[in-house]
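K.L.:
Let chain A serve as the given structure and place chain B on it in line with the hints.
Next come the chains, spelled out residue by residue.
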Amino acid sequence: MSYAEKARSHYNNELTTIRGAGLFKEERFIKSPQMARIRVEYPVGAPSQEVLNFCANNYLGLSSHPEVVEAAHKGLDSHGYGLSSVRFICGTQDIHAELEKKLTEFLETEDTILFPSCMEANAALFEVCLDKDDAMIADRLVHASIVDGMRLSKAQLYNYKHLNMEHLEEKLQETQSCRFRMIITDGVFSMDGDIAPLEKICELGDKYDAMVMVDDSHSTGFLGKQGKGTHEHCGVLGRIDAITTTLGKALGGAAGGCISGRKGIVDLCRQRARPYLFSNTVPPVVVAASIKVIDLISKSTAGRNKLEENTKYFREKMTQAGLDIRPGVHPIVPVMLYNAKLAQDVSRDLYEEGIYAIGFFFPVVPQGQARIRVQISADHEREHLDKAIAAFTKIGAKYSILGKKKDEIIAMYGM
Amino acid sequence: MADDIKKMIIDYVKKEYLDEDSDQQVTEDTKLISSGIVDSFSMVSLKMFLEKKFQIKIPDEKATPEAFDSVNSIINLLKELTPL
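Chains A and B, in that order, are what the protein sequence lines are.
Just so we're aligned, residue 2 is where the first sequence starts under the numbering used here, counting upward by one.
Just so we're aligned, residue 326 is where the second sequence starts under the numbering used here, counting upward by one.
One chain only, chain A, in its complex shape:
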């Protein structure tokens, strides 16, 4: 038996360490489709409880939208369940090409290549496009999948302080001798809802002859007046060399991702991207539903408009109630608590009030920046938002944090 006592004991010790540090992640069972109101069994074995969901990436409420579900059913009937192949052998159907074309038109890029996930798109891009004579210059808070993707590339790695354009420019000056440079950023940063200053980034890209790459997973479908993403929001449509994004958040939320950008980059990825060449094609049912999603959001901006209104309302009311909200316009609304235990306690109390929102703390966010990350959806109705605001207000009063700022909360609870 290869799974010897030594290995068993090592894994158990690791798990004990994780538990001891308070970092053990428990899964909660959701017993309903993904939407604003869900039924949850937590802890496992407890009676199911109906709660309002404020922690999904279901920004547009399309995850269980009847037209999307219907399109998935139709796709299943017309194109089958699986393809049992990678794309280049016998895994490309007409609808895969159709979805790639629709994404290209929607994002206003030159071409698009699908991946099983955005994580895999990020795992592919840098290894294909950059080599040892090149430099990757990334914002320090980019998503973990970008960090992993950059590790797979031979290019030299540089990073700059979060959103700090002076520091980015210093790094661009430092790397002048490299063959190619790529500035790498999230469009929207998932923990803070911060929006990357893409106009300035593109300006620096032009000035120093560097390509610009954006992971737009937390904005495709709703940021910008037509919902195209951060590049539309910042007025730089057509200027981003490579956008990676996901179909697993606002765009139906099932699975799949893509690289969309310069045709040469996309073509080369089709030839050389290992996660594309060696993982299965995106299932037809997901492709069919995603085509419907792009049609829906191209035809009407009602969803992103409602999301914008919901976000504005929630941010205003929470601020008025005295909660410490990280400022911004994005539906990711970090309610700052600074202390890890306080964040966990508030999350637990919210759940008891029927509000499902998760506490995040170090090492997921920097030390002393624990928070509840609230995510607003177009699926939320005003009454849902009011219920969440009332719950936060009640619990905020319980812990005496209403109207308190960072220093005061830290003085009460520590970092």
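Simulated from the structure, these hints should not be mistaken for lab results.
Some clues are possibly wrong.
Claimed, not checked - Straight-line alpha carbon distances no greater than 27 angstroms define the calculated BS3-like cross-link-like pairs of lysine-lysine that follow:
| no. | chain 1 | residue 1 | chain 2 | residue 2 |
| --- | --- | --- | --- | --- |
| 1 | A | K155 | B | K387 |
| 2 | B | K356 | A | K155 |
| 3 | B | K356 | A | K407 |
What the hints assert, rightly or not - Coverage of chain A stretches by chain B, computed from C-beta distances (three or more under 8 angstroms per stretch; other residues unrestricted):
| no. | region |
| --- | --- |
| 4 | 152-164 |
| 5 | 361-369 |
Claimed, not checked - Derived, one-sided and incomplete: chain A residues facing chain B with beta-carbon distance under 10 angstroms:
| no. | residue |
| --- | --- |
| 6 | V143 |
| 7 | V148 |
| 8 | K172 |
| 9 | A256 |
| 10 | G329 |
Fair warning: this is a prediction, and the values are worked out from it, not measured in the lab.
Backbone N, C-alpha and C define an ideal beta-carbon position, used for all residues, glycine too.
P.N.:
This is chain B only, laid out in the frame that chain A set:
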């Protein structure tokens, strides 16, 4: 000599990792990685700085979060790799 090197590394850490308005103190004992001032992703800048400054190559197996966790531990690493 060692004090000059310590000061140089502290100055670099402050400039490279802290915001201009930060009131965070950095001394030779300050925990850099385990306190979150420098995360494992950002550590690469510090490694490159040291390599360039001392004209050395820090092998990946030596560039651990423990070795980079304070200015003192960095000095110990440098002593292994170069005659300071």
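K.L.:
If a hint holds in the structure, say so; if it does not, say that too.
P.N.:
Tested hints:
no.: 1; hint: A/K155 - B/K387; result: 19 angstroms, holds
no.: 2; hint: B/K356 - A/K155; result: 30 angstroms, violated
no.: 3; hint: B/K356 - A/K407; result: 23 angstroms, holds
no.: 4; hint: 152-164; result: holds (count 4)
no.: 5; hint: 361-369; result: holds (count 5)
no.: 6; hint: V143; result: 8 angstroms, holds
no.: 7; hint: V148; result: 5 angstroms, holds
no.: 8; hint: K172; result: 9 angstroms, holds
no.: 9; hint: A256; result: 26 angstroms, violated
no.: 10; hint: G329; result: 18 angstroms, violated
Of the numbered hints given earlier, the model fails hints 2, 9 and 10; all others are met.
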